[in-house]
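Chemist: Given only the sequences and the hints, what does the whole structure look like? Please build it.
The listed protein sequences correspond, in order, to chains E and V. Counting from 1, one number per residue, gives the positions in the first sequence under the working numbering. Counting from 1, one number per residue, gives the positions in the second sequence under the working numbering.
It should be emphasised that the hints constitute simulated quantities derived from the structure, not laboratory data. Just so you know, even glycine gets a beta-carbon here, dropped at the ideal spot from N, CA and C. Be careful, since some hints might not be right.
[Stated by the list, open to error] Here are the simulated DSS-like pairs of lysine-lysine, each with C-alpha atoms no more than 25 Å apart in a straight line:
{"id": "1", "chain 1": "V", "residue 1": "Lys220", "chain 2": "E", "residue 2": "Lys74"}
{"id": "2", "chain 1": "E", "residue 1": "Lys114", "chain 2": "V", "residue 2": "Lys29"}
{"id": "3", "chain 1": "E", "residue 1": "Lys124", "chain 2": "E", "residue 2": "Lys112"}
{"id": "4", "chain 1": "E", "residue 1": "Lys112", "chain 2": "V", "residue 2": "Lys23"}
{"id": "5", "chain 1": "E", "residue 1": "Lys124", "chain 2": "E", "residue 2": "Lys78"}
{"id": "6", "chain 1": "E", "residue 1": "Lys74", "chain 2": "V", "residue 2": "Lys242"}
{"id": "7", "chain 1": "E", "residue 1": "Lys157", "chain 2": "E", "residue 2": "Lys174"}
{"id": "8", "chain 1": "E", "residue 1": "Lys74", "chain 2": "V", "residue 2": "Lys23"}
[As the list claims (entries may be wrong)] Some, not all, of what chain E presents toward chain V, calculated at C-beta under 7 Å:
{"id": "9", "residue": "Met44"}
{"id": "10", "residue": "Asp54"}
{"id": "11", "residue": "Met68"}
{"id": "12", "residue": "Lys74"}
{"id": "13", "residue": "Arg77"}
{"id": "14", "residue": "Pro102"}
{"id": "15", "residue": "Leu103"}
{"id": "16", "residue": "Leu105"}
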Amino acid sequence: MIEAREVTKRFDGTDVIEDISVKFEQGITNLIIGQSGSGKTVLMKCLVGLHEVDDGAVYFEDTNFTQMRRHQRKSLRKQMGMLFQGGALFDSLNVEQNVRFPLDLYWNSSYKEKLERVNFCLEKVDLAGVNDKMPGELSGGMVKRVAIARAIALNPKFLFCDEPTSGLDPKTAKRIDKLIYDLTSEFNMTTIMNSHDMNSVLEIGYNIAFIYRGKLWWTGTKEEILESDNEELNDFIYTNEMIKRFKNK
Amino acid sequence: MRFITYLGQYLQYMAEVLRKPDKGKMFRKQVFMEMDHIGLNSFGIVFIISIFMGAVLAIQTAAQTDNPLYPGYLIGFAVRESTILEFSPTIVSLILAGKVGSRIASEVGTMRVTEQIDALEIMGVNSANYLVGPKIIAASIVNPALIIVSIFLSLVGGWGSTYIADVVAPNEFLSGLQMWFVPYEIFYALIKTVVFAIIITSVSGFQGYIIKGGALDVGKASTKAVVYSSILIILFNLLLTKLLLV
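Modeler: Now the structure itself:
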């Protein structure tokens, strides 16, 4: 479980996210949704420590992550995996080296054992046999799947996904969503995913936090979101006027 | 005020760069890879520049001392001194600031804008140390070796020009090269080179590391890396010359 307690982050004196308190549960896919510029990515970066929070704290289970020093955080970092919007694969390394990177960092085992783990992770994302390919040779969907393989290489307890389906066609996006959902269930991870894709929300949104203008505006499940009468949330969900009128009837 | 903020950012970044590496084995591997990128990949340009630099230097010195009262060996002596004291360490370092500096800034900058640096940080890697530390060490080892080669090639170029341009008898030039040699001058040249190598790699890495934005900013960072490195090389050249030679 990950918990944000009254988290505020400012840039140049302006609150980008303000007083956000939210819990993300283990074993399910937790979604942070909101319009572009609403503060989703900033909140996620605060959760993983890429941004230091100005007020409040982030807890990983019972550990106050915010108060930890860099070297103390390292032990927790081993338990984190993150999938970035563009994949963020290392350009100079091939697929195998990319997935092996966290293993080289934290495992003291032989190359053979690491390779077994790499191949296991690549099989999980349905990419067996692409070990020697460079990131530039992969399609957008494959890049995301290799990035997922790298994120799960250390068998993390916490998985963060920053808009994993952006820039993908609906079919590939659905495949990525399903993959994240399946891995979350199989490895009982606490998964937090940023998205503004309603397909993802309705597919795997088991715990949803809606951020509006830097504030937590609504929380609920994918079933509850369709029944909500929150005006800003409905504006976000029903962008099409015709559907909005249909819902209002 | 802006300069002080900038300097503070640079010092904070250097404090991260100079920390103990997270994983020694991975760091060492990066150092060897960077030695290849920085050193071997720069050999071609150093070769060409040094040969022609020595040749031009010999011809120009001969043109300035076209007087029967000046012995011919002085041309060889002047070429050797200019090459060791200034031309090889400074000019070649300025060339490397352009070639290596822009590559480092664009490499690190691209990693920043494509979130690869964030990916390293999430894994618990000190990204500044992992990305820039090996470049500083590699350049501090490889650049002095390149400068030694450059000095040799420049003298060969000067000697070669005595045949082509017929400015002085080759034997006289060679005896001038061997006259009044002070080994300390080589030490001085190497010290300068190491300082310049640290400037090129750390400043260029910093320009890439602090990028905010996209591809356009990567281009701007590359340009800034070359300009700032070159200015600092010239400033430190003066400072080190005053400290070490006078």
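Chemist: For every hint, state whether the structure bears it out.
Modeler: Hint-by-hint comparison with the structure:
Restraint check for V:Lys220 and E:Lys74: not satisfied, since their Cα atoms lie roughly 34 Å apart, outside the 25 Å limit. In summary, the hint linking E:Lys114 to V:Lys29 is supported, as the alpha carbons are separated by about 18 Å, within the 25 Å threshold. Restraint check: the Cα-Cα separation between E:Lys124 and E:Lys112 comes to about 18 Å, which is no more than 25 Å; the hinted pair holds. The straight-line distance between the Cα atoms of E:Lys112 and V:Lys23 is roughly 19 Å, inside the 25 Å bound, and the hint therefore holds.
Among the hinted pairs, E:Lys124 with E:Lys78 is consistent with the structure: their alpha-carbon atoms are about 20 Å apart, no more than 25 Å. Proposed proximity of E:Lys74 and V:Lys242 is contradicted: the alpha carbons are some 46 Å apart, above 25 Å. A threshold of 25 Å between alpha carbons decides the hint, and for E:Lys157 with E:Lys174 the separation of about 23 Å falls inside it, so the pair holds. The suggested pairing of E:Lys74 with V:Lys23 holds, with an alpha-carbon distance near 12 Å, which does not exceed 25 Å.
For E:Met44, the interface hint is violated, since its Cβ never comes within 7 Å of a Cβ in chain V; the closest pair sits about 11 Å apart. A cut of 7 Å between beta carbons decides the hint on E:Asp54: the least distance to chain V is about 19 Å, and the hint is violated. Violation of the interface hint for E:Met68 is found here, the shortest Cβ-Cβ separation to chain V being roughly 12 Å, above the 7 Å cut-off. Because the smallest distance between the Cβ of E:Lys74 and any Cβ of chain V comes to about 4 Å, under 7 Å, the interface hint for this residue holds.
Proximity of E:Arg77 to chain V holds as hinted, the smallest CB-CB distance being about 3 Å (cut-off 7 Å). Residue-level restraint check for E:Pro102 holds (minimum Cβ-Cβ distance to chain V is 5 Å; threshold 7 Å). Here the hint on E:Leu103 is broken, as its CB sits about 10 Å from the closest CB of chain V, past 7 Å. Interface hint at E:Leu105: satisfied, since its Cβ lies 6 Å from the closest Cβ of chain V, which is below the 7 Å cut-off.
Hints 1, 6, 9, 10, 11 and 15, counting from the list given before, are not met by this structure.
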